[in-house]
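**Student:** For the protein sequence lines, the chains are Z and R, in the order given. Once you know that position 160 of the first sequence is 160 in the working numbering, the rest is easy, because the numbers rise by one and skip nothing. Once you know that position 68 of the second sequence is 68 in the working numbering, the rest is easy, because the numbers rise by one and skip nothing.
For the record, the hints were derived by calculation from the structure and aren't laboratory data. Do not rely on the hints blindly, as some may be mistaken.
[To be verified] Here are a few chain Z residues that face chain R, going by a calculated C-beta distance under 8 Å: (1) A194; (2) G201; (3) P231.
[To be verified] A partial selection of chain R residues facing chain Z, derived with a Cβ cut-off under 7 Å: (4) E134; (5) Q149; (6) R278; (7) E302.
[Unchecked claim] Computed footprint of chain R on chain Z; a stretch qualifies when at least three of its residues, placed anywhere within it, have a C-beta under 8 Å from a C-beta of chain R: (8) 158 to 164; (9) 202 to 211; (10) 214 to 221.
Glycine included, C-beta positions come from ideal geometry on N, C-alpha and C.
Residue-level listing of the chains:
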Amino acid sequence: MSWIRVDAAAVCVAAAWLASGCREPEMTKGEEPPKTAVAVPIDSATAARNASLEPGVLATVQAVPVERWKGPGDRPFEVARRSAAPEAGHSRQFGTITLPIALRTRTAAISQYPCTSCHLGRKVVMANKRIGDAHNNIQPVHPDQTGAVCSTCHSADDVALLTLKSGERATLDESYRLCAQCHFPEAKAWAGGAHGKRLDGWQGRRVVMACADCHDPHKPGVEVRIPFRAPQLERTRSKVP
Amino acid sequence: MSDAPASDVPAAETPDQAGGRSVLDKRVDRRGALGMLLGGVVMGTQALGACAPLSAETDEAREIKLLAWREYIKGNYRFMTEGERADTIARLERLAQLQRGVDVTIQSTGAQPGVQFGYAFNISKCKGYRRCVEACINENNLDREAATQYIRIFEMEDGVLDLDEADATFQHEVPAEGHFYLGTQCFQCADPPCVKVCPVGATWQEPDGITVIDYDWCIGCRYCMAACPYWARRFNWSQPEVPREEVNPNQHYLGNRARKKGVVEKCTFCIHRSRQGRLPACAEACPTGARVFGNLLDPDSEIRWVLAHKRIFRLKEDLKTEPRFWYFTD
Numbered sequence: 001m002s003w004i005r006v007d008a009a010a011v012c013v014a015a016a017w018l019a020s021g022c023r024e025p026e027m028t029k030g031e032e033p034p035k036t037a038v039a040v041p042i043d044s045a046t047a048a049r050n051a052s053l054e055p056g057v058l059a060t061v062q063a064v065p066v067e068r069w070k071g072p073g074d075r076p077f078e079v080a081r082r083s084a085a086p087e088a089g090h091s092r093q094f095g096t097i098t099l100p101i102a103l104r105t106r107t108a109a110i111s112q113y114p115c116t117s118c119h120l121g122r123k124v125v126m127a128n129k130r131i132g133d134a135h136n137n138i139q140p141v142h143p144d145q146t147g148a149v150c151s152t153c154h155s156a157d158d159v160a161l162l163t164l165k166s167g168e169r170a171t172l173d174e175s176y177r178l179c180a181q182c183h184f185p186e187a188k189a190w191a192g193g194a195h196g197k198r199l200d201g202w203q204g205r206r207v208v209m210a211c212a213d214c215h216d217p218h219k220p221g222v223e224v225r226i227p228f229r230a231p232q233l234e235r236t237r238s239k240v241p
Numbered sequence: 001m002s003d004a005p006a007s008d009v010p011a012a013e014t015p016d017q018a019g020g021r022s023v024l025d026k027r028v029d030r031r032g033a034l035g036m037l038l039g040g041v042v043m044g045t046q047a048l049g050a051c052a053p054l055s056a057e058t059d060e061a062r063e064i065k066l067l068a069w070r071e072y073i074k075g076n077y078r079f080m081t082e083g084e085r086a087d088t089i090a091r092l093e094r095l096a097q098l099q100r101g102v103d104v105t106i107q108s109t110g111a112q113p114g115v116q117f118g119y120a121f122n123i124s125k126c127k128g129y130r131r132c133v134e135a136c137i138n139e140n141n142l143d144r145e146a147a148t149q150y151i152r153i154f155e156m157e158d159g160v161l162d163l164d165e166a167d168a169t170f171q172h173e174v175p176a177e178g179h180f181y182l183g184t185q186c187f188q189c190a191d192p193p194c195v196k197v198c199p200v201g202a203t204w205q206e207p208d209g210i211t212v213i214d215y216d217w218c219i220g221c222r223y224c225m226a227a228c229p230y231w232a233r234r235f236n237w238s239q240p241e242v243p244r245e246e247v248n249p250n251q252h253y254l255g256n257r258a259r260k261k262g263v264v265e266k267c268t269f270c271i272h273r274s275r276q277g278r279l280p281a282c283a284e285a286c287p288t289g290a291r292v293f294g295n296l297l298d299p300d301s302e303i304r305w306v307l308a309h310k311r312i313f314r315l316k317e318d319l320k321t322e323p324r325f326w327y328f329t330d
């Protein structure tokens, strides 16, 4: 894909728009808008935004409504998005290839993102052995006892999607639907508000974090850290000496 | 004391009584008269100082003196009119600018109607990282010199909920094997013993359930600290020090504004944040989601869901202080 072609296409569209009396082109029924992967150059602002993203930090709290789940009092709630819809400026370049992919706020923490940087055909290629696999760093600890493989959660046809037990596919933003298939007590507490984390204050819109924002699906478990400094006051125990 | 009605004008007096307290034929209360008289003395001295050619006092120093004086004679926050509140906030903001070189905004936001704040803490989730403590220090301008902390995280062995034997000073990699963690702070009791014992009415419970302190009315007797069964209050043995660049400029009169030496302070559920619909800093900073904050009067709030669906308990419930802070497990 070359920039010249893109520019030429843009000029054509602009010319057609002018010719049609500056009106929006009308779609005939049943005809879908053409899906062309338009390569968008990364402007300096986007580059700066990408560079400033810290690993593990949600840079934005764009949210999407949670479908088929209800919060306390049957009230709807939203889940913080991990990926934004592809839009102008949100693209990444690999060599000569520019992919119109979403800017993911936590991509800096995911070393091999986006999947399509390797999985060009978007297919998951399953090998019998995982020796020499590009995903050696992923230890199969999470679905260890269940005998699950990559395609248990990831859609074999499209690496950017997840697959549910019903065969339905879900985006990475809807990871909670995948997790809830087994972890239903947690899912119930999450919807109710006892599990997970609310982001947008206690009032108004309820925006929560999704499962994978805290729990790395490939490396479950609790991280051991050094705590913030201990209190230095004399009376730090409830018992008076 | 705590139930004293808010009044903007002094109680009605007979003309005779008023005559004894009038200054320039203007009716004022005792405190106001004192302020005017002594204020005149201060101003007169300053005027003399201004005339003296050798005086090194700058305009700024004079302004600080005057503002500090006006601050000294102001009333209790609860009994101030809206205008008086605006005046004192303007003075405090100007003083912060002059004395410390920081531009702060001090709110006087009142309680939202129909709101009672409640807190729930998941002892299954807390891992003892103390990120809440860090956030609290930064948010509430806590004294860095004395290392004041409102929140304590207790480390206990699995299966033993005994705060007497718990360790709040742990400093090792967490979570430790076979241990769990429980955090305490001010529980904003519905029947607060600390408020009852205050001899000057410097601490009271707000309509949304937050117990606050007027730092300029507190005399530092520390009765409230003795009365609190949870050790939720902290005393400033010296002037609290916060580096200029670390001062949180978003402040509330009853919350995280600059305190002074010899006054008591405490957690206010981040009154400057929670009254604007935001989460307290500790709840926002918690990386494990162990902290749930919300409105107890809203049946559809998360805190109500937790209280209805989880195994909950409170600390020292037998004292009947009715803390608005619950602990729960997964």
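**Student:** In ascending order, which of the hints set out earlier in this document are inconsistent with the structure?
**Tutor:** Those not satisfied are hints 8 and 10.
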